[in-house]
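Peer 1: One-letter residues, chain by chain:
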Amino acid sequence: MNREPPSRVELLQGTLDLLILRTLLAGPTHGHAIAKHIQQTSEDLLQVETGSLYPALHRLEAKGWIAASWKLSDKGKRARYYRLTHLGRKQLASEQSKWRAFSRAVGLILNPVDQEGP
Amino acid sequence: MKSFFRRLRWLIERRRKEAELREELQFHLEEEAEQHQAEGLAEEQSRWLARRELGNLTLLQEDTRAMWGWIILEQLGQDLRYAFRTMSANRLFTLLAVLSLALGIGANTAIYSLADAILLRSLPVSDSKSLVFLN
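Line order of the protein sequences matches chains A and C.
For the first sequence, counting from 1, position 46 maps to 46 in the working numbering; every step adds exactly one.
With the second sequence counted from 1, adding 1000 to any position gets you the working numbering.
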């Protein structure tokens, strides 16, 4: 049982929304599955705290980026399923490009292509 | 605009929304416990672990409710309820306070409406411009 992986990365402020939206791109799912998906896909490096997951989900719902409805889970229990709305798709696209630009910029500074001159 | 109406609906359906949040978190706990059980923990222990991992349930509910908007309205309601509770616990004080406010406001209104009628408004006579003060 690998309960505590040796190192975890703290989520950067504002990235949780992006990760949730991206996870929902694959199809509607409930909160618990979203947290598990983020954890597993990031090879256990990212762990979403329940204390920030549910406020984030309800905030995204209030903004109209995701919509929720009650459905039966695969085990037959009632669960609140979230799905991406049209507005959410647009938001995801813009946040994704922002994130790519940001990580490229940081990458350029950390690994300069040209050696600095004498 | 759409999101405003959504939040307005959430405000009206507040009770149902809170029950839903409880059910949603309950489902999360059950899923988490089931997962621990699948990993080989005893039923009691996995439920306990799931609950412990979730942390402060009341805080989580509060943080989530805060996302529905209307925090200001909610706190105003709390303050009003607190005010009425305090006042009904202290009847005599409330009575005196209300009475002195009523007298104060009433007396001021009376004086000022008198001053307004006599000094500020033109008197109800024809050609009031030609009236003069005589001392």
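It cannot be assumed that every hint is accurate.
[Unchecked claim] Computed list of lysine to aspartate or glutamate pairs in DMTMM-like fashion (alpha-carbon distance at most 20 Å, straight line):
#, chain 1, residue 1, chain 2, residue 2
1, A, 71, C, 1018
2, A, 75, C, 1127
3, A, 36, C, 1062
4, A, 36, C, 1018
5, C, 1002, C, 1013
6, A, 63, C, 1063
Please keep in mind that the hints were generated in silico from the structure rather than gathered at the bench.
Peer 1: For every hint, state whether the structure bears it out.
Peer 2: Against the structure, the hints come out as follows:
1. This hinted pair checks out: residue 71 (chain A) and residue 1018 (chain C) have alpha carbons roughly 18 Å apart, not beyond 20 Å.
2. The suggested pairing of residue 75 (chain A) with residue 1127 (chain C) is violated, with an alpha-carbon distance near 90 Å, which exceeds 20 Å.
3. Distance check on the hinted pair: residue 36 (chain A) and residue 1062 (chain C) sit about 23 Å apart at the alpha-carbon level, beyond 20 Å; violated.
4. Distance hint between residue 36 (chain A) and residue 1018 (chain C) is unfulfilled; the C-alpha atoms sit about 24 Å from each other, more than 20 Å.
5. Simply put, residue 1002 (chain C) and residue 1013 (chain C) have alpha-carbon atoms about 17 Å apart, close enough for the 20 Å limit, and the pair holds.
6. Proposed proximity of residue 63 (chain A) and residue 1063 (chain C) is supported: the alpha carbons are some 16 Å apart, at most 20 Å.
Figure legend: structure checked against the earlier numbered hints; hints not met, in rising order: 2, 3, 4.
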